[in-house]
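First to last, the sequence lines map onto chains B and F.
Using my numbering, read the first sequence as starting at 1 and increasing by one per residue.
Using my numbering, read the second sequence as starting at 1 and increasing by one per residue.
Hints in this document: simulated from the structure, not taken from any laboratory.
Ideal Cβ placement from N, Cα and C applies to all residues, glycine included.
Wrong hints could be hidden among the right ones.
Some chain B residues well away from chain F (every beta-carbon gap over 12 Å; in silico) [what the hints assert, rightly or not]: (1) Thr303; (2) Asn320; (3) Asp393.
Label pairs and their in silico Cβ distance ranges [unchecked claim]: (4) B:Leu11 to F:Lys225: 46 to 54 Å; (5) F:Leu15 to B:Leu11: 34 to 42 Å; (6) F:Lys226 to B:Trp384: 46 to 54 Å.
So the chains spell out like this:
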Amino acid sequence: MILDESITTALDSIKANLLRSLLTTIAIVIGTASVIAMVGIGSSAQRAIDDSITNVSARTLSVYPSRGRGSQKINSTPLTISDADALIEDNEINWRVSPEIRSSKSLKYGNESITISVIGGRKTYFDVQGYEIETGNFFTERDDLARKRVAVLGSNVGTELKTSSKMLIGKEVDMGGVTFKIIGALKPEGATGWSNPDDIIYVPLLTASDRLFGRDRVDSIRVEVPNTYTPEEAMISIERVLRREHDIGPGEENNFRINDWSQFTDLRKQATAIFSGLLIGIAGISLMVGGIGVMNIMLVSVTERTREIGLRKALGATQNAILLQFIIEAVTLCIIGGIIGVIFGSSLYFLVTVFQDWVFTIPFSAIIGSVIFSGCVGLFFGIWPAKKAAALDPAVALRFE
Amino acid sequence: MNVIKVNNITKHYLLGSQKVEALRGVTFGIRQGEFIAIMGPSGSGKSTLMNIIGCLDSPTNGTYHLNNKEVSTLEGDELAGIRNREIGFVFQNFHLLARNSALDNVMLPLKYAGFNRDDQLKKARETLSKVGLESRMNHQPSELSGGQQQRVAIARALVNNPSILFADEPTGNLDSQTGHDVMQLFHNLHQQGQTIILITHENEIAAEAQRVIYIKDGLIESDIKKDKV
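Here chain F stands alone, though its shape is the one from the complex:
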């Protein structure tokens, strides 16, 4: 079953009076439980594609189905709802709220989802334990190492049980050992059935995924499935 079905999407921008075609017709599907990497050089349209799949932006043309629901026509608060329920974001520079504890950071999506405080606390604690941070829940980001901060961010992405875990250069700000640990965490989550989309420009990281889509000049240049499990 396809979680994501993207059909011939395009995206045009106006940069001054210049029309920029960031995406020129991209079609692919992602199945439930897949671990996929999207690669491409800067200016390839990779970021635009990521924004559309992550429901941060809408395509100019074409359709995008997420869990069999067309989301390419949605806007504003409807997209916010989809992001809240279906997508968990992990960013290169973590994007944690600096003055909030790890627990508060993880509770944030649940607040916007409208859970009561007891449920927020319960779910956030469970998820933080799942990423191995049960002893650091009340620490602020500045008191945590880079790897720990990224684990908090992963917990925050997972706490509302999203269909897709969406990671944008998740190891870009980490040393190789910590990066390796974070990748191991992704593998564990994948084995538990989590669909994961990884945006990266590092071949080494992309190599850990089951499938690699390579974007160039707004088109899919290659879509390679590996047999590595």
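The shape of chain B in the complex, shown without the other chains:
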């Protein structure tokens, strides 16, 4: 009975001072709006990153040679093509192995000359990376064994040479003084953060090793693990094969390292945690500022309505009834601010998703949470003014001018 009277009174009083009430809630609006917008944008961005990483990565391990760490002398045995072959021959796990040899070379076509990243790999390289051909063909295993001077272009290379990939198919280019024939061009893949596969030229592994770079040392070996094994099981197998190949005795350290992409996931989780911590901080500060604003306006309201409080007390309102009325008013004010904030924040987030072409997922728990939290802010900052109201002496309050 008293509760619904209190809610009606609270809404009436907010309506009667609409502009003042709205100005009071601005900090609350900003606080909740920023939480909603940032939580939304954060989760969409996360999803976008996840999508681009899982393209390559979820089931792919990368093996690298160890680098010497500081003064510690680690036997710097390189990874070689024969290590990759040993992994291919080991058939305990039906994995796909893709050694990669990489360097920069100058590339000349006609009068154009550019410096370009060259990757030497087998046909499996394209399969593991998930690259697709746009025109022409991939090189074959036979091209590799025959050390043929053929090359496949990333989708941007044609433009960089002031022509188009299509025009280059079948043409010869000069790479580091060696003539190569272009046999294919890839579809655009887009940058993955570390490098852009569209800017690279691809040649067969053995061609690169024997004719171009003059080394059988590879830069990395990628291993794609089939779904029937976990990355951990695959790591143990890779370790077993490579320790045998590198003659590493029991108790000795590995002279290679295996990157599990889950490490990146962990890093990302950490970054997300820091990011959310920062957000909570910002939201906390603006909600506190908002709360102080609400407390201020409630104190003004108590003074303005001293006679009304006196009257209510004369008519039999208990201290608790008055307390409840003013607390409900403060909480209502904050919840209204919270709801407006949610609307603003969601709209902002929606606009961002439209421009970034992201998925719009309403963070429902964030919405409920921030509205409830706004209410709690009202409760916390409304208690003192409400107590002041409840403690008023009715005889004095009735005479207040």
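Starting from the structure of chain B, add chain F where the hints point.
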């Protein structure tokens, strides 16, 4: 039977370091169904006495029995309960809630008394009809004349069937004709058996009561019963 029995009550205030004796020992009784006026100049202690009888304040010393219950020792919410059930207030400037309809204003004491909404509506409508406002129940105070507003206030004072109707300068803000109408309403209520205490400084208004208590310097100067009925 005495509704009100006040025995030797005093009230002291501290105004800064100055002790002010607003009431210095007041004793009287009011019987059920009496129509009584309390008069006195400003600073006489009249307002203090009114606050104590109206259960808005407690005396420093002395006892106050309302319906044979000692209320001088009660405080806070207990007094709020007494005010809600036993006393109906009518003020000089009406004290209506400006944004509520006449009906909502009259329902207010019933809300604090804990009646359900149906009972609140029923009682409030009945009481508003009793003061002749059945056609203006849903109007807001700003849409009513001064006399009508004071009738709403009287309805609000009566709605919970109080033992005492307590009117503080009820005609002070009204023109003489409207004031006369309001006084007529008081007479009607009195004839129906309502105990009425009227606080006023106008002799003309006080003259309409059966009995006039005159307060001066915190003491009763005179207590005159008239034979006018």
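Checklist line | Violating hint indices (sorted, rising) | finding: Hint check: 2 and 3 fail, others pass.
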